[in-house]
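**Q** Protein sequences appear in the order of chains A and B.
Note that UniProt numbering has the first sequence beginning at 1, numbered continuously upward.
Note that UniProt numbering has the second sequence beginning at 1, numbered continuously upward.
Treat each hint with caution, since some may be false.
Same chains, same label: a pair holds when it works inside one copy or across any pair of copies.
What the hints assert, rightly or not - Simulated pairs of lysine to aspartate or glutamate, DMTMM-like, Cα-Cα distance not exceeding 20 Å:
id : residue 1 : residue 2
1  : 299       : 263
2  : 251       : 362
3  : 325       : 382
4  : 90        : 379
5  : 322       : 293
No lab work stands behind these hints: they were computed from the structure.
Protein chains: 2
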Amino acid sequence: MNGEVDEESSLVDINETAIFLNLSKAKVRKLIERNILRNNWGQYTNLIRFTKKVSHIEEGSVLNYSDANLEIIRGFPKIRRCLLLEPALKKNFSSVDEVAVEEKMNGYNVRAAQINGDIIAFTRGGLVCPYTTEKVNELIDPTFFEDYPNLILCAEMVGPDNPYVAKTCYDVNSLDFFVFDIREKNSGEPYPVKKRRETLEAYKIKQVNLFGYFKPKDAHKEITKIINEIGSEEREGVVVKDPEMILQPMKYTTSNSNCKDLEFGFKFYNDIGRDYLFSRVIREGFQAAEWNENNQKLKDRCYRVGSSILYPMVNTINSVGKNKKVTEDAQIKVTRLEVLDLFKQHLNRSGIEVHFEEPIPEEDGYIVKMKKLNKSTNDKTESIWLGDYW
Amino acid sequence: MNGEVDEESSLVDINETAIFLNLSKAKVRKLIERNILRNNWGQYTNLIRFTKKVSHIEEGSVLNYSDANLEIIRGFPKIRRCLLLEPALKKNFSSVDEVAVEEKMNGYNVRAAQINGDIIAFTRGGLVCPYTTEKVNELIDPTFFEDYPNLILCAEMVGPDNPYVAKTCYDVNSLDFFVFDIREKNSGEPYPVKKRRETLEAYKIKQVNLFGYFKPKDAHKEITKIINEIGSEEREGVVVKDPEMILQPMKYTTSNSNCKDLEFGFKFYNDIGRDYLFSRVIREGFQAAEWNENNQKLKDRCYRVGSSILYPMVNTINSVGKNKKVTEDAQIKVTRLEVLDLFKQHLNRSGIEVHFEEPIPEEDGYIVKMKKLNKSTNDKTESIWLGDYW
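The shape of chain A in the complex, shown without the other chains:
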């Protein structure tokens, strides 16, 4: 969120907010002073987001001040990751008869809600994303929010026309919206899995795959099969849920996904690599141990991990050595050029530097290619080619 500039001073009504959030007025004042409560820009200055977790309120939560009633869209809670499936299922899910296993898709997390009559899409951090907002309005049957103005659709934006995480492994042409949770405004209460799936089916709103319901004590075998299958298609992983959504869900990912993260991270080793590295190799180590891999399987995994780190890094070093900078390339597809302008402003205000190429007109909109320069990796590699130490 660096580089972001607030357009207006905060519109927060301190009294009303303190009562609504059950915080003291002094605390609300502090949150404004410290810029933890921050307003959106453009036409959405009435939407104030939490840039940090504050007592019981998640980071990325959004307060809406312009409705008849003040309301809050809760930030999407972090899903815990398990490293050893069988023990984690036993410890965390033995109080339920069965668990629901759904797909964890690889895209970016958004929340769509109807705010003062408009359908708006929020990023994980609580910013209004103009690009996603356009997409969501094109993709979702608007009668859903007419019938349920009090609900929030929590979804993954997936597909190749993706400014953040472009993946071609899903059967998606441009960019699509896959719901994995329905939650209520204010309380943040989630719908049970069956109720959510039925509700969404009635409106033909897409949702993530449901692989099935399994007994907790058998689930690790089923999930292992699923993980191996979807891993071979470069898909990301699963989320294990209490069907009633009372217990906290947990996620588990494929080796392919861990390694793809490493590949991406080490193309930009000095921007992203460091943060990605340790957690991914830890996941690989625990998966290998739990699956009791024979020598050949483990050797394959060692090579997979090593080459996911070294190949992209060596390519980057060679490329910069030949004076060719490395960039992170993506594209979006907009219906209206006005949305492109808003999206550029959105990235700019989020402190993300991106170079956009000229829009390419298509039958049903414009493809816009974008390049993000990961400056630290380019600069560091160049300086080492010039003889600097690390």
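Starting from the known structure of chain A, arrange chain B on it as the hints suggest.
**A** Frame of chain A; chain B shown alone:
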């Protein structure tokens, strides 16, 4: 240095110290207040060490207060590491006609000096190490310090009877002392390479291998050959020096050494692995790029890196899963049991928890096996086997 307790309050004479170090009296007072100047224990409370770098004085520097004159043993300066040999040689050494290339051995760094008539060995941090002090007194011809009371021998302690870094790749039976630098007390000025080598030869004091003197523009080819040769013997690397010791030296290590570090680090992935990981894979990536490795060489390196991370980690996870804790095992060999007691106190005061077994008598001393429990890795692995999240 956690857990360390000072035996007496500081003996620092503030006036004298301020003049000697060319610092203000207020600054010296602050250094004492903040425990940055800290005294040794036991019979060496007169030796005060710098636990942090302070203006021009390196961390690990030691002030000696009990001599006729106050004197300082400078901390050993950090040697910069190069990632791409040829560019780093060009940038950093093109002002000299030739560079000296010596071996960087894998052990622990000590400084030996004569202090108030006794030969004493200091750790990198400036503590008196009782074990190393005994060894040094057994290994070095004492006439050296009689002739040169003003000199410091900077050396690597190498061999299997090594409490910190046990290596069997060198032709060393128990533990030996290999000098790589001679420096003067107070000024810290180093001897030129030839003068140092001749001086040490005269006293038959061992020193690190000298591979040769090379022209800076050819040195990368020679060093690459050396690195490949010594790497195949599991040796660590080289230090490139200005023969006059005016330019700062630089180090460069073998792939084998990087991978051995990873192996060690990932046996104890949650204690050591995280710190080791990023830097080692970065070194591997740059070496592969500079050596322009063909596909098979690079594939081998990928496997080497991946297996150095995963095999030890999977072994640790499996071992803890079978209720067998992982420990870091080492041994020392002392001539007098009194030294063992002092060494135990030394580790204890440095906050290192070690379990020592009963000494095993040998013809010429006692072998003492020691086990260090890396608690964080054992505890974390156990908790994950019990179903906890990361």
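**Q** Each hint: holds or not?
**A** Outcome of the hint check:
In this homomeric assembly, residue 299 and residue 263 come within 20 Å of each other (Cα to Cα) both inside a single copy, at 18 Å, and across copies, at 15 Å. In this assembly of identical chains, the alpha carbons of residue 251 and residue 362 never lie at most 20 Å apart, being 38 Å within a copy and 56 Å across copies at closest. Proximity of residue 325 to residue 382 under the C-alpha cut-off of 20 Å is restricted to the intra-copy arrangement: shortest distance 9 Å within a copy versus 45 Å between copies. Proximity of residue 90 and residue 379 under a CA criterion of 20 Å is satisfied inter-copy only: 19 Å between copies versus 48 Å inside one chain copy.
Proximity of residue 322 to residue 293 under the C-alpha cut-off of 20 Å is restricted to the inter-copy arrangement: shortest distance 16 Å between copies versus 41 Å within a copy.
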